[in-house]
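Engineer: Counting from 1, position 410 in the sequence shown corresponds to residue 410 in this note's numbering; the numbering is continuous, with no gaps.
Check each hint, because a few of them may be wrong.
[Said to hold, decoys possible] Within a straight-line C-alpha distance of at most 25 Å, the following computed BS3-like cross-link-like pairs (lysine-lysine) qualify:
| hint | residue 1 | residue 2 |
| --- | --- | --- |
| 1 | K98 | K204 |
| 2 | K464 | K170 |
| 3 | K490 | K478 |
| 4 | K478 | K397 |
| 5 | K456 | K497 |
| 6 | K219 | K108 |
| 7 | K497 | K49 |
| 8 | K219 | K456 |
| 9 | K204 | K232 |
| 10 | K464 | K49 |
| 11 | K112 | K98 |
| 12 | K456 | K484 |
| 13 | K252 | K464 |
| 14 | K484 | K497 |
| 15 | K490 | K377 |
| 16 | K98 | K119 |
| 17 | K225 | K451 |
Derived from the structure by calculation, the hints contain no laboratory data.
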Amino acid sequence: MSSLRYSTMGSNANPNFDEHLWIINIRRSLDEELENDSEVPVSIFNVPKLLMASNPDSYIPQQVAIGPYHYWRPELYEMERYKLAAAKRIQKQLQNLKFQHIVDHLSKLEPKIRASYHKFLDFSHETLAWMMAINASFMIEFLQIYTIREGIMIRVSSRMSHLFDYAGRKSAHNAILRDMVMLENQIPLFVLRKILEIQFSSLKLADETLLSMLVGFCKELSPFKMMKDMQKIPVSQCSHLLEYLYDMIVPKVEAPALPEITEAEDQEEGSSGNPSSNIKDLFCEISKLFSKLNEGPIRLLKRILFSRPVTLILKLPWTILSNLPGFFILKQLVQHLFFAEDKEEAKPEKNEGSNNEVNKPPLMEEIAIPCVAELSKCGVRFLPTTDNISSISFDAKTFTFYLPIVSLDVNTEVVLRNLVAYEASNASGPLIFTRYTELMNGIIDTEEDVKLLREKGIVLNHLKNDVEAADLWNGMSKSVRLTKVPFLDKAIEDVNKYYDGRWNIKVENFMKLYVFGSWKSLTLLAAIFLLLLMTLQAFCSVYSRGL
Numbered sequence: 001m002s003s004l005r006y007s008t009m010g011s012n013a014n015p016n017f018d019e020h021l022w023i024i025n026i027r028r029s030l031d032e033e034l035e036n037d038s039e040v041p042v043s044i045f046n047v048p049k050l051l052m053a054s055n056p057d058s059y060i061p062q063q064v065a066i067g068p069y070h071y072w073r074p075e076l077y078e079m080e081r082y083k084l085a086a087a088k089r090i091q092k093q094l095q096n097l098k099f100q101h102i103v104d105h106l107s108k109l110e111p112k113i114r115a116s117y118h119k120f121l122d123f124s125h126e127t128l129a130w131m132m133a134i135n136a137s138f139m140i141e142f143l144q145i146y147t148i149r150e151g152i153m154i155r156v157s158s159r160m161s162h163l164f165d166y167a168g169r170k171s172a173h174n175a176i177l178r179d180m181v182m183l184e185n186q187i188p189l190f191v192l193r194k195i196l197e198i199q200f201s202s203l204k205l206a207d208e209t210l211l212s213m214l215v216g217f218c219k220e221l222s223p224f225k226m227m228k229d230m231q232k233i234p235v236s237q238c239s240h241l242l243e244y245l246y247d248m249i250v251p252k253v254e255a256p257a258l259p260e261i262t263e264a265e266d267q268e269e270g271s272s273g274n275p276s277s278n279i280k281d282l283f284c285e286i287s288k289l290f291s292k293l294n295e296g297p298i299r300l301l302k303r304i305l306f307s308r309p310v311t312l313i314l315k316l317p318w319t320i321l322s323n324l325p326g327f328f329i330l331k332q333l334v335q336h337l338f339f340a341e342d343k344e345e346a347k348p349e350k351n352e353g354s355n356n357e358v359n360k361p362p363l364m365e366e367i368a369i370p371c372v373a374e375l376s377k378c379g380v381r382f383l384p385t386t387d388n389i390s391s392i393s394f395d396a397k398t399f400t401f402y403l404p405i406v407s408l409d410v411n412t413e414v415v416l417r418n419l420v421a422y423e424a425s426n427a428s429g430p431l432i433f434t435r436y437t438e439l440m441n442g443i444i445d446t447e448e449d450v451k452l453l454r455e456k457g458i459v460l461n462h463l464k465n466d467v468e469a470a471d472l473w474n475g476m477s478k479s480v481r482l483t484k485v486p487f488l489d490k491a492i493e494d495v496n497k498y499y500d501g502r503w504n505i506k507v508e509n510f511m512k513l514y515v516f517g518s519w520k521s522l523t524l525l526a527a528i529f530l531l532l533l534m535t536l537q538a539f540c541s542v543y544s545r546g547l
């Protein structure tokens, strides 16, 4: 992958554009050879426009610019003096070395730094090195707040007092936290590793220190506070802080295997339309039932009533009656209540032979799921898990929906949105975290839904009220592309299957579909029927007078 990545903007598009500087940078990019360039993929992206338009404040730094994308914004200049103060303290720790020594080392990494960014960096060689050195110094000093040593988080060191004259206020501190986790405000971790290596004169000690900082920071900022095993990922495997947070939260999921159709299944599918096969099925079912006479009488009766041959026999009279006038609605009601499950079971059989259907992303209507309040009324229980997103499941036997514990505070929305933005920009596989936010958006509609999840211990709400929590999840509906995540899709499918199988829901859906949904047709039929009655009455009246 080439380190030469630039936009096509001209001098008219940017008033500060320096053509001479641009030519120098292009020349250097073409002349320099980056060793192992293919091992430095782009990792710091621009937020997709669809997501940026939905909530710009969640993606644009409000307090401090760490990365180069927003470095020259005037409203962020106030933090520059705190960055310089952090750089001075780093220099004091170097003893006999000057800060220029760090800059010189980062200058050698300049092609690698540029290769990490998706957008062309309109900075000179020297400017970029100094920018990275100063911002990384500030970032290291800030991350030291969350250093974990022997399982204990070291909150504030004496060297942080100058910084906390400003950032010690809770609101300002949270603002910096949010800015540091934004996708467009990242710097490569290998820059921090290099500075710590110079400080400690050991790469191993530098990695251990940085790892303790990142783990503490991620535990503080992660929405999933109660995870049992939060793995420690080596810092060399992650490109920047947001990617490290993502890898700690989101489980690795393999792509679903494509189903194989055996010869026996193919023959069975081909003979399903033959009338003689139904008779054969009847005898097969009877033989199976006789072989299972040792089962309980209720279970045996249930097997008989819901077997396919009996279902076909029961459908026959309704097929004849449906052709009679006035029986249309009655036919629809019987089919909706008794035979709806047969149609749902027939769909997978039809689609199993098509690989295209398996790989096709889910439609928008398939993401729909009843809200928490509706599911609770139908007997669904909600229980928390202390694991990650992969623990989401629905137990059809106990009607229990398992969801991971999620903590909501003033920083959560920015964290969630930027994790979604990173996943959409970087991941080539399924959008696991995005699918999770879509699930939560689906089951949470109102404050009542949040209240029910809060009472079950699934949502730890540190916002002002449940309305804010509901608005947070309802605002997470934007997605760059649709995707399939096997374990989440199965949970959604199982919940919907249980919910749609309830008798009261079947009657309600029937009324909406065939009665309320067709009220105009029913009104017209009623008017015609009333007109016929009036005509019949008039005819009878005239006929009786004639007699």
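Engineer: Give a verdict on every hint.
Structural biologist: Hint check:
1. K98 to K204: 23 Å, holds
2. K464 to K170: 16 Å, holds
3. K490 to K478: 22 Å, holds
4. K478 to K397: 34 Å, violated
5. K456 to K497: Holds, because 23 Å separates the two Cα atoms, which is no more than 25 Å.
6. K219 to K108: 33 Å, violated
7. K497 to K49: 36 Å, violated
8. K219 to K456: 23 Å, holds
9. K204 to K232: The hint holds at about 15 Å.
10. K464 to K49: 30 Å, violated
11. K112 to K98: 23 Å, holds
12. K456 to K484: 28 Å, violated
13. K252 to K464: Violated - the C-alpha atoms of K464 and K252 are around 34 Å apart, more than 25 Å.
14. K484 to K497: 18 Å, holds
15. K490 to K377: 22 Å, holds
16. K98 to K119: 31 Å, violated
17. K225 to K451: 19 Å, holds
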